[in-house]
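Below, each chain spelled out in residue letters.
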Amino acid sequence: ALDWRCFTQLGSNAIMKSARYFRSFPSRQVCRSRNVITTSFVRAMCQSSTITPTEPLKRPNVQRADRIASFSPNAFSHFSFLAEEFKAVNLAQGAPDWDIPEFVQRIGRESFSSSFAGPTIHQYSSHIGLPALNNVLVKIYEKLLNHSLDPVHDVLITNGAQDAIVAILQAFLNPGDEVVYMDPFFAAYPPMVTLVSGKSVCVPLRQSSKSLFAQDWTIDLKELDDAITDRTKILILNTPHNPTGKVFSRNELLAIAKIVRRHPNLIVLSDEVYENLVFDNLEHIRFATLPDMFDRTLTVSSASKSFSCTGWRIGWIIGPKDLINPIQLAHQWMSFCSAVPLQQAVASMLEESLKTTYFDDLRHDFQQMRDQLCNALQSAGIVPVIPSSGYFILGDFTKHRNKLSISPNERADLEFCGYLTREYGVAAIPASEFFSEESHQFAERFTRYSFCRTEKTLNE
Amino acid sequence: TAIVSRKNQQTLVAVRAALSSSLCHSKLFQGYHNQLETKLTQTRNRSLHTSNKMGDTSVMAPAALKTKGIEKSVWVEFNQLALEVKPLNLGQGFPDFAAPENVRRALSRVCNDNENVLLNQYTRGFGHPRLVTALGKLYSAEMERVIDPMQEILVTAGAYESLFVAMMGLVNPGDEVIIIEPFFDCYDPQVRLAGGLPVFVPLRPSRVGTVTTSAEWKLDPAELAAAFSNKTKAIIVNTPNNPLGKVFSRAELEMIAELCKKHDTIAIMDEVYEWMTYSGETHVRMATLPGMWERTITIGSAGKTFSVTGWKLGWTIGPAQLLAGPKVIHQHSVYTCTTPIQEAVALGFEEETARRGTPECYFQALPAQLEVKRDRVVSILTEVGMYPIVPQGGYFILAYVRDIMNKIDVGGDPNESRDFRFVKWLSRNRKLQGIPPSAFYSQEHKNIGEDYIRLCFIKEDVNLEKAGEILKQLKLDIDAGNVK
Chain A
1 ALDWRCFTQL GSNAIMKSAR YFRSFPSRQV CRSRNVITTS FVRAMCQSST
51 ITPTEPLKRP NVQRADRIAS FSPNAFSHFS FLAEEFKAVN LAQGAPDWDI
101 PEFVQRIGRE SFSSSFAGPT IHQYSSHIGL PALNNVLVKI YEKLLNHSLD
151 PVHDVLITNG AQDAIVAILQ AFLNPGDEVV YMDPFFAAYP PMVTLVSGKS
201 VCVPLRQSSK SLFAQDWTID LKELDDAITD RTKILILNTP HNPTGKVFSR
251 NELLAIAKIV RRHPNLIVLS DEVYENLVFD NLEHIRFATL PDMFDRTLTV
301 SSASKSFSCT GWRIGWIIGP KDLINPIQLA HQWMSFCSAV PLQQAVASML
351 EESLKTTYFD DLRHDFQQMR DQLCNALQSA GIVPVIPSSG YFILGDFTKH
401 RNKLSISPNE RADLEFCGYL TREYGVAAIP ASEFFSEESH QFAERFTRYS
451 FCRTEKTLNE
Chain B
1 TAIVSRKNQQ TLVAVRAALS SSLCHSKLFQ GYHNQLETKL TQTRNRSLHT
51 SNKMGDTSVM APAALKTKGI EKSVWVEFNQ LALEVKPLNL GQGFPDFAAP
101 ENVRRALSRV CNDNENVLLN QYTRGFGHPR LVTALGKLYS AEMERVIDPM
151 QEILVTAGAY ESLFVAMMGL VNPGDEVIII EPFFDCYDPQ VRLAGGLPVF
201 VPLRPSRVGT VTTSAEWKLD PAELAAAFSN KTKAIIVNTP NNPLGKVFSR
251 AELEMIAELC KKHDTIAIMD EVYEWMTYSG ETHVRMATLP GMWERTITIG
301 SAGKTFSVTG WKLGWTIGPA QLLAGPKVIH QHSVYTCTTP IQEAVALGFE
351 EETARRGTPE CYFQALPAQL EVKRDRVVSI LTEVGMYPIV PQGGYFILAY
401 VRDIMNKIDV GGDPNESRDF RFVKWLSRNR KLQGIPPSAF YSQEHKNIGE
451 DYIRLCFIKE DVNLEKAGEI LKQLKLDIDA GNVK
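The listed protein sequences correspond, in order, to chains A and B.
Here the first sequence is numbered in full-length UniProt numbering, starting from 1 and rising by one per residue.
Here the second sequence is numbered in full-length UniProt numbering, starting from 1 and rising by one per residue.
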C-alpha cells in the first residue's frame, strides 16, 4: 500500500510493470515493485561477514486489526511510478514543484537553529502547541472569525491538517456514528472515517448545467438535509473545495447553516486548508463566522498550502473550548505534540506574512498558473472544470474516449491516465479516486491535474 | 491581514499596528507565558487536572466513549504545575542543554538546499528514503540481519505515534495486551483507545529501604505466565525501562520470548533508550532472539537518540506482515512525517554510523556523559537519606522517599496518591520538580510506585547541583523539625 505521493527520490529504480499492471487493476493485487535499492543493499549487506543467515521460522498468525481489514491499495502510488518510468510531466502530485518562498527559507534557517531560538526549540512543547504559534494564530483568527479566542483552550496544533481531521474523528466518533461530507471529496476522508469505525454518508456535488466553472457545481439541499440524521455526529465541509476548486458562496453556506441549525448537537468540521488560495476576487467565507455557527464549528487549516511547504506537517484546529478540549485529550495520546522547530518557524512565517503582500502575490501567481493549464487542457480537447481556488483542475476527457480500449470491468479514467502518461508524457490522477463508488460512472470522465507547477513545467 | 480580503483594509491596518510591537518571537513567548501564568493563578484553587471532565452536560457534543477515563495525562498536569511554580524541573524527560551540533546544523541547512527543493514538500509516507536507508543500514548491523528499508521500516511522528499505530493497527476490541509495570504512561490509554484490555504485570523489587539497582527489580515468572491467555494479542516491553532504568537481561527477554511463542503473541518493544546503557550493561534486542524477529515490533526515537525530543520523529522496525496494519493507520492519520526533520535525522545517522565504535560517536559519548551525571545524582540522593535505585540505563532515576514523606505534612487531596502529593509539595514548597511514579502503575499496583519519586538527570551539572542543594536543605530542615 504505497501511497500516491511517493516520489522522485525512489528514482527510476522503483518501477511498475505499468502496462500489465493497468490491465489487472482493479483486481486488488498488491503489485510488487522491482526495488533495485533493496537488491543492491542486500548484496552489500551479505558481503559483510557478521551477517548470519536467518533460520526459517514459523510465522505468527497475525491479522491486521478489523478496523482496517477492508482497506486495499488505491491507484495513487502507481501514477508517480508511471510518471517516473516515462519521464512524464508530473501533474499528479498534489504539492508544488518549486522551492519554498525566500522568507520561509530564512525563517526556517533561524527557527531551526538553537543559536537563534535557544536550546528548548529542540525539545517537547506543550501538547496544545508552542505558545508562540498558538498566540499568533489567535491574533489572526480572532479577526478572521470575528470572535475572541483563547490560545490554551481554543486552539490545538497538529501534525498537518490530516492529523487534525483524524484527531477530531477519534475524539468524537463512536462505532457506527455517521459522518456526512460531499462527493467528490479529499481522498483521505473515507479511510479516516472507517479507521475510527464510523460510517461515511456522501452528498453529491455536481455540475448543475453545461457550465465550465467549478463555482456552478452544487449540492441538492434536500439531499443534504436527508443525509443528516440523529446518527450524524460530524458534517465535514471543505471550502475551498478539493478537488473541484469550488469556493462556496455565503448564500450556499447560509443555506447549509440553516440545516445545521436543526441539529443542535451536530459538529461541523470546516476543512479550510486552501483558505489563502482563492482567485477571481472571490471571498473565502468561514463557516464559523455565520450566525450561531461558531459554537459548533471546528476550523481546520495548515501551513502546507499557504506557504508551499507540504512537507512541514504543521496544522491547527480552532474552535470553541468545549469542542477543542476533547480533541486535545485524544491527540495527547496519538502523538503528543508536533515538531517544535517547525512550529516556531510557522509562527514566524505567519507573523511575517501579515506585513507583506505575500498572500496577494501568491493568489495572483496561482491564478496565472490556473489560467495557463486550463488553456493547455482546452487546446488539447480536455474540457477543464475551471476552479476558483486550490491546486487542482478536473478535466473531462470524453472527446478522447474513443482512443482508449476499455473493457467492462475497467475504469475509463484509469485507462486515460495510463494512456496520457505513456503516449504524451503527462501524468494525472484518475478522478474516481475522489468520488464514492456510486458516482463512478459520472466520475470516470474526469482526471485530476495539479497546476501548482513552475512556469517551465506548465510550458512543458 | 493579507489573508483578509481587500475589502477589509482598515482591519488590516489595525492588526498590523497591533502586531508591530510583537516582532520578536521570544517576546511573544513571554507574553503568552504571562498570560498563561495569570490564568493558572486565577485557577489555582481548582484542580490542575486537564480541564473539563468528559460528559459535562454543558458540552453539547460529548466526546467519544473510548476517550472516557483516559483524560488525565501526568505530563499535562505537571507541566502546568511547572509553569505555575517555576521550579527546578527534573520532571519531564528532556535535556536542558543543546542537542548535538551535527543534527541541528543539518536541519538549518535543509532550508538552504537549493538543489533539492523537494525537501520541503511531502515525502514518502512510510519514511523519507534517505532516512529509512540510513536506519536500515544501522539496524541491520545492530540486529545482525538484513533489514529491508522499504518493507520493514515505518517512520512515525515520534515513538508515541509508533506505539499508537501499533495498537490501532494490530489490536481488536477485546484483545488483551500485557503491560509490564512500571510503564510509560501512554501504553494504557493507547491500548484502550484501540479497544484492547490491558493486563498488568509488575516488576517487583527484591528489597527496599536501601540503595539498590534496577537489576533487582524482576518479573515473577509465574505471575507473568498467568497473564497470558488465548486472548493475548501483544505484550509491551520497555527496555531500557522508563522510569526504573532497568535493562532487561537476555535471560529475562528469553523468558518473555518463550511465552510469546507459546501463545502466538506479538512483542511490542519500546527501545527508545537503546543507546543509553551504562558500564557493564548491554542492550539486548528482542528481535534478535531465536524465533522472535517474526513476531517483534521494535520502536526507536530520534528525540531520545539525538536529544531532540521536540523533533517528534520515531520509527518502527519489524517484518513486513506485522508492519502492514500500523502502516495503514499511519497512512490515514498523520500520513507522512516532516521532511526537513527526516532529512536532518538521516544526516545525523549517516555521520554517527560512520563513526560507530569510536568515543566521538554520539551513541557512545552521550551515555558516557550521562553516567557521570547518574553517579553524581546517586550520591546526592544517598547523602540526603533518599534511597536511589541506580539505573542500568535511561536517564531517569527513582528514589525511595517514604521515610521523608512520613516526616512531612504534604497536605493535598487525600484521595490522591502519596507520591503525587509529595511531588506537588516539593515543587511548590522547595521549587524542585520530579514526577510521581505511581503515574506509571495500574490502579491495583499504584502502591508499588507510591513511595518513590522520579528525577530526570539529563540536565546541566549546575542544575543537578542545585537540586542537591535543595534536597540537602530539606534534610537539614527535617532533622531540625523545621518543615512546614
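Treat the hints with care, as some may be off.
Stated by the list, open to error - To spell it out: a stretch of chain A is covered by chain B in this simulated footprint if at least three of its residues, at any positions, have a beta carbon under 8 Å from a beta carbon of chain B; those stretches are:
(1) 251–260
(2) 379–392
(3) 423–435
Said to hold, decoys possible - Here are the computed lysine to any residue pairs in the SDA-like style, where the Cα-Cα straight-line distance is at most 25 Å:
(4) B:Lys-86 with A:Thr-120
(5) B:Lys-466 with A:Ser-379
(6) A:Lys-87 with A:Leu-458
(7) B:Lys-262 with A:Lys-139
(8) A:Lys-456 with B:Arg-376
(9) A:Lys-199 with B:Gly-195
(10) B:Lys-86 with A:Asn-174
(11) B:Lys-231 with A:Lys-87
(12) B:Lys-431 with A:Gly-118
(13) B:Lys-262 with A:Gln-63
(14) B:Lys-231 with A:Gln-63
(15) A:Lys-199 with B:Asp-175
(16) B:Lys-261 with A:Gln-63
(17) B:Lys-86 with B:Glu-465
(18) B:Lys-431 with A:Ser-197
(19) B:Lys-231 with A:Val-201
(20) B:Lys-231 with A:Asp-280
(21) A:Lys-139 with B:Leu-83
(22) B:Lys-466 with A:Gly-118
(23) B:Lys-86 with A:Gly-118
Unchecked claim - What follows is a list of derived Cβ distance ranges for each label pair:
(24) B:Ala-320 with A:Ser-407: 50 to 56 Å
(25) B:Gln-443 with A:Asn-174: 21 to 27 Å
(26) B:Glu-254 with A:Asn-409: 48 to 54 Å
(27) B:Arg-250 with A:Pro-175: 23 to 29 Å
(28) A:Asp-292 with B:Gln-473: 56 to 62 Å
(29) A:Lys-456 with B:Pro-359: 34 to 40 Å
(30) A:Gln-441 with B:Gln-92: 18 to 24 Å
(31) B:Leu-197 with A:Gly-118: 42 to 48 Å
(32) B:Gln-92 with A:His-400: 47 to 53 Å
(33) A:His-147 with B:Leu-197: 51 to 57 Å
(34) A:Gly-425 with B:Ala-98: 45 to 51 Å
(35) B:Pro-173 with A:Ser-208: 40 to 46 Å
By construction, these hints were calculated from the structure, which means they are not laboratory data.
Cβ atoms here follow ideal geometry from the backbone N, Cα and C, with glycine treated the same way.
Going through the hints against the structure:
1. Check on the stretch 251–260 of chain A: 0 of its residues sit with their Cβ under 8 Å from a Cβ of chain B, so the three-residue criterion for coverage is violated.
2. With a threshold of 8 Å between beta carbons, the proposed coverage of the stretch 379–392 of chain A by chain B is violated, since 0 of its residues qualify and at least three are required.
3. With 0 residues having a beta carbon nearer than 8 Å to a beta carbon of chain B, the stretch 423–435 of chain A misses the requirement of three or more and the stated coverage is violated.
4. With a C-alpha separation of about 15 Å, the suggested pair B:Lys-86 and A:Thr-120 falls inside the 25 Å cut-off, and the hint holds.
5. The straight-line distance between the Cα atoms of B:Lys-466 and A:Ser-379 is roughly 74 Å, outside the 25 Å bound, and the hint therefore fails.
6. Between the alpha carbons of A:Lys-87 and A:Leu-458 the distance comes to roughly 15 Å, so the proposed pair stays at or under 25 Å and holds.
7. Distance restraint check for B:Lys-262 and A:Lys-139: the Cα-Cα separation of roughly 58 Å exceeds the 25 Å cut-off, and the hinted pair is therefore not satisfied.
8. At roughly 62 Å between alpha-carbon atoms, A:Lys-456 and B:Arg-376 are farther apart than 25 Å, so this suggested pair is violated.
9. Distance hint between A:Lys-199 and B:Gly-195 is fulfilled; the C-alpha atoms sit about 18 Å from each other, no more than 25 Å.
10. For the given pair, B:Lys-86 sits about 40 Å from A:Asn-174 by alpha-carbon distance, which is inconsistent with the 25 Å threshold.
11. Restraint check for B:Lys-231 and A:Lys-87: the C-alpha separation of about 51 Å exceeds 25 Å, so the hint is violated.
12. For the hint linking B:Lys-431 to A:Gly-118, the alpha-carbon distance of about 23 Å falls within 25 Å, and the restraint holds.
13. Restraint check for B:Lys-262 and A:Gln-63: satisfied, since their Cα atoms lie roughly 18 Å apart, inside the 25 Å limit.
14. A threshold of 25 Å between alpha carbons decides the hint, and for B:Lys-231 with A:Gln-63 the separation of about 14 Å falls inside it, so the pair holds.
15. Under the criterion of a C-alpha separation no larger than 25 Å, the hint pairing A:Lys-199 with B:Asp-175 is consistent with the structure, at around 23 Å.
16. Taken as a hint, the B:Lys-261 and A:Gln-63 pair is honoured in the structure, with Cα atoms around 16 Å apart against an allowance of 25 Å.
17. At roughly 17 Å between alpha-carbon atoms, B:Lys-86 and B:Glu-465 fall within 25 Å of each other, so this suggested pair holds.
18. Proximity of B:Lys-431 to A:Ser-197 is assessed by CA-CA distance (about 46 Å); at most 25 Å being required, the pair is judged violated.
19. For the hint pairing B:Lys-231 with A:Val-201, the CA-to-CA distance comes to about 34 Å; that exceeds 25 Å, so the pair is violated.
20. Note on B:Lys-231 and A:Asp-280: the hinted pairing is violated, with a Cα-Cα distance of about 60 Å set against a maximum of 25 Å.
21. With a CA separation close to 22 Å, the supplied pair A:Lys-139 and B:Leu-83 stays within the 25 Å bound.
22. Annotation: proposed proximity of B:Lys-466 to A:Gly-118 holds, straight-line Cα distance about 21 Å (limit 25 Å).
23. Taken as a hint, the B:Lys-86 and A:Gly-118 pair is honoured in the structure, with Cα atoms around 18 Å apart against an allowance of 25 Å.
24. Against the hinted window of 50 to 56 Å, the Cβ-Cβ separation of B:Ala-320 and A:Ser-407 comes to about 32 Å, which falls outside the hint.
25. The beta-carbon spacing between B:Gln-443 and A:Asn-174, approximately 24 Å, falls within the hinted interval of 21 to 27 Å.
26. Here the CB-CB span from B:Glu-254 to A:Asn-409 is close to 52 Å, well matched to the stated 48 to 54 Å.
27. Range check, B:Arg-250 to A:Pro-175: Cβ separation about 42 Å, and the 23 to 29 Å hint is violated.
28. Between A:Asp-292 and B:Gln-473 the beta carbons are some 58 Å apart, a value that agrees with the proposed interval 56 to 62 Å.
29. Under the hint 34 to 40 Å, the C-beta atoms of A:Lys-456 and B:Pro-359, about 50 Å apart, miss the expected range.
30. Between A:Gln-441 and B:Gln-92 the Cβ separation comes to about 55 Å, which falls outside the hinted range of 18 to 24 Å.
31. The hinted range of 42 to 48 Å is satisfied by B:Leu-197 and A:Gly-118, whose Cβ atoms lie roughly 44 Å apart.
32. Between B:Gln-92 and A:His-400 the CB atoms are about 60 Å apart, so this pair departs from the stated range of 47 to 53 Å.
33. For the pair A:His-147 and B:Leu-197, the supplied restraint of 51 to 57 Å is violated, since their beta-carbon distance comes to about 42 Å.
34. Range check, A:Gly-425 to B:Ala-98: Cβ separation about 49 Å, and the 45 to 51 Å hint holds.
35. One distance hint, 40 to 46 Å for the beta-carbon pair B:Pro-173 and A:Ser-208, holds here, with the actual separation near 44 Å.
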